[in-house]
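A.B. asks: Chains as they are written, first to last, in the numbering used here: chain R, 239 to 561; chain Y, 13 to 454.
Keep in mind that the hints were calculated from the coordinates and are not lab data. Worth double-checking, as some hints may not be accurate.
[What the hints assert, rightly or not] Here are the simulated SDA-like cross-link-like pairs (lysine to any residue), alpha carbons at most 25 Å apart as the crow flies:
(1) Lys321/Y with Thr378/R
(2) Lys281/Y with His398/Y
(3) Lys335/Y with Gln376/R
(4) Lys409/R with Arg136/Y
(5) Lys63/Y with Phe420/Y
(6) Lys63/Y with Gln358/R
(7) Lys432/Y with Pro152/Y
(8) Lys560/R with Ile396/Y
(9) Lys212/Y with Ile103/Y
(10) Lys409/R with His405/Y
(11) Lys281/Y with Ile35/Y
(12) Lys352/R with His398/Y
(13) Lys560/R with Val67/Y
(14) Lys319/Y with Asp377/R
(15) Lys24/Y with Met289/Y
(16) Lys446/Y with His290/Y
(17) Lys544/R with Arg322/Y
(18) Lys335/Y with Ser250/Y
(19) Lys278/Y with Ile35/Y
(20) Lys296/Y with Gly104/Y
(21) Lys409/R with Pro392/Y
(22) Lys319/Y with Gln376/R
(23) Lys445/R with His405/Y
(24) Lys63/Y with Met375/R
(25) Lys335/Y with Phe393/Y
(26) Lys352/R with Pro400/Y
(27) Lys37/Y with Pro190/Y
(28) Lys24/Y with Phe433/Y
(29) Lys409/R with Pro152/Y
(30) Lys321/Y with Met375/R
(31) Lys560/R with Arg136/Y
(32) Lys511/R with Gln376/R
(33) Lys511/R with Met529/R
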Amino acid sequence: MEDKNTPHAPNESETQKNSSRRDFLKNLGLAGVGVATGAAALYSGHIFEAKKDVSGDQKVLLTQDGKLVQVDSLEIKALEKTGVALHEVEGREGIPGRRWVMVTDLSKCRNARKCINVCQDAHQLRPEQYHMNTLQMQDTPATAPYNMPKNCQHCDNPPCVAVCPVDATYKRPDGVVLIDNERCIGCRFCMAACPYSARIFNWIEPKDAANYQGQDYNVELNVPQKVGTISKCLFSADRLREGKLPYCVEACPNGVYYFGDENEDAVTNGTTKETVRLSKLLRDNGGYQLMPELGTKPRVYYLPPKNRLFPFEEATDATPEKV
Amino acid sequence: MTMDDNKLTFDKITSDLTHHIRINKGFLIWMGFLTISLLICLYAYSLQLSKGLGVAGIRDYVTWGMYLANFVFFVAASLIGMLISAVLGLIGMKWLTPITRIAETIAVAFAAVAGLVIVSDMGRPERLAYVFLYGRPQSPILWDVTVITTYFVLSLLLLFLPLIADMAIIHRKVSTLPSWLKPVYKVLSLNFTDHPEQNKIINRAIRILLILLIPAALSIHTVTSWLFAVTSRAGWDSTIFGPYFVSGAFVAGSAAVIIAMFFFRKNYKLQDYLTDMHFNNMGKVLATVSLVYLYFNINEFLVPGYKLKRADAVHLHELFVGKDAILFWIVQIGGLILPILFMLFRRFRKPLPIMLISIAVLMAAWVKRYLIVVPTQEHPFLPIQHVPQNFVHYSPTLIETLISIAPFILVLIIITLISKFFPVIPLHETAREKGIEHIKFD
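Build out the structure end to end from the sequences listed, making use of the hints.
C.D. replies: In structure tokens:
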């Protein structure tokens, strides 16, 4: 049985009306396609005319996001200043295929503090601002004191990155944790969250700020430093891009640091330039991580301060002045 | 009751509750004082804007200082709107009627200022919009921004809806009203004529708001506690931080309401409406929430104190017998245990003593926030070495103190303005409860 009054059953005249409307729409569509084709033809003609003044001299250039492109020399325009951060894009992507890792051998650290100096120079830091700091540690009253260089642990489960409200600090696929001081709002939640006290803040105008005015910001070096933003150890991301070892690793006179790629299972000592197997180094020397119980999964390993060939000395360096 | 009696009573109520709505000398002097004080504090903030956060005493280890303690305190005090109006109101406690607007005013003022306070703690306040442009939902800061905004809007609506009827009455019935205010009230009264249908809509809207207010209020302070509890630091790494903060918030808020009640009653001559009974009952509320807070305090300190894990041991040692011990015990004994003991006795729940107790409780509440925020950062997991002495121990600077005072002045300004230009005690509702069924509007 069919209900004649159901609104879903159109009568004949309605069907006719619908079909004539469909025809109209079809015609309109055809007309539209025609107009669009004509316009496209005119436009491409115009482009062809415009393209006539080419020199034929093709240049190969590197774009800001790291792609190689070919451009006609006449189309190259010099820019006064980009105003765009260096490595803005690939600084977030990291170096493909790498998993950077650091090993710090505590049995060799004599608190020479060369790593600290070179780091502070590279990153335009004040004397009290440390990406890398050498701490004088003593785990229990009965155990021996030792020097422990401490930098950002570049955690694989970084508490700082989790709490950042604006994606200013981020974890790269190659393991490095960076900070973008063009993005940082200065809330310092990351400092509160970091159990390693690895982060510093630019409380006042950074060191020699006037000298670096107008310099493009490089996210892989975090310079120029900017007042009101966070700074931290970057595993020398700028050096890694050049295929070099980090500043601190290379500056150490005592062979404390190894640095390398976990994927290759190889780390290189910054002083001796000797390359060894990462897994073997950690296994043979009892490698460990700082506070692994917190679940942060650090990318910095430590070798215990055993068999030291020198006595522990209280640090004599002067405490930096009040800021 | 005859019509004449009715009229008399209503006129009396109207005049009692609205006679303060006029600009007098006392008001101008008070506002002038607040404005000048605020300008001084704003000058301090302009110094911070030009020189950076370094003008404050906070440094790399104690990176959150008075500003953040302030923020937690303001969020805490704003929670009282939920306790008084929503929780107790929905249960049906009739004696609350004259207190609801005071509680809502405090909620609106503190919630609004809490949003501003947090900007004073930003290294780059001009990038505030980034929180919305690049916001990451993983960050508790984003949750905080969301829930505080929600709570503020809900509280503002809850303050406004019962005011519609009051403003309709005022712009028609109050002859002493300043002439420039009349049209303002007329617009804000939204053509209210006390029609039963209008009352039904307003009452239903208020009821919905009250119900929504409970989860929103619980969220704002729970999320604020999570700013600390999501880290692994000793003193913050706690699973009961949410309820610990919420119960502490009720203590601070109840105290703020009692203080406000006392001064409104005195300055606006509301003795017939805010009676000893109200102070007595609010004293009982404050005692109850203080007992709940005491219970959470015992949990928060006794359990880690029993185990004494290495980092907890250092933290608790500083609080119990170390550097922060004096402040800690003043707050716990003077701001919590003694007030509870006093409030058990009826004679301490009279207006003056309960107001004095509330001042002690409120001041202790602020110091408690300071003790939650600062000491934890003074002993991180790894030693603090090779940095200047002022990095090791936090001491606030003068500029920082002035900037921290500014939000208190702002709250006083907001509360003063709201209470000055609107009836402190709900007029329409009070008339209803005194048996006046329908108000004639012509």
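A.B. asks: If a hint holds in the structure, say so; if it doesn't, say that too.
C.D. replies: Now the hints, each set against the structure:
no.	hint	verdict
1	Lys321/Y with Thr378/R	holds, 14 Å
2	Lys281/Y with His398/Y	violated, 61 Å
3	Lys335/Y with Gln376/R	holds, 23 Å
4	Lys409/R with Arg136/Y	holds, 22 Å
5	Lys63/Y with Phe420/Y	holds, 24 Å
6	Lys63/Y with Gln358/R	holds, 22 Å
7	Lys432/Y with Pro152/Y	violated, 37 Å
8	Lys560/R with Ile396/Y	holds, 15 Å
9	Lys212/Y with Ile103/Y	holds, 19 Å
10	Lys409/R with His405/Y	violated, 32 Å
11	Lys281/Y with Ile35/Y	holds, 16 Å
12	Lys352/R with His398/Y	holds, 15 Å
13	Lys560/R with Val67/Y	holds, 13 Å
14	Lys319/Y with Asp377/R	holds, 19 Å
15	Lys24/Y with Met289/Y	holds, 21 Å
16	Lys446/Y with His290/Y	holds, 17 Å
17	Lys544/R with Arg322/Y	holds, 24 Å
18	Lys335/Y with Ser250/Y	holds, 22 Å
19	Lys278/Y with Ile35/Y	holds, 17 Å
20	Lys296/Y with Gly104/Y	holds, 17 Å
21	Lys409/R with Pro392/Y	holds, 23 Å
22	Lys319/Y with Gln376/R	holds, 22 Å
23	Lys445/R with His405/Y	holds, 23 Å
24	Lys63/Y with Met375/R	violated, 36 Å
25	Lys335/Y with Phe393/Y	holds, 18 Å
26	Lys352/R with Pro400/Y	holds, 20 Å
27	Lys37/Y with Pro190/Y	holds, 15 Å
28	Lys24/Y with Phe433/Y	holds, 19 Å
29	Lys409/R with Pro152/Y	holds, 18 Å
30	Lys321/Y with Met375/R	holds, 19 Å
31	Lys560/R with Arg136/Y	holds, 23 Å
32	Lys511/R with Gln376/R	violated, 30 Å
33	Lys511/R with Met529/R	violated, 29 Å
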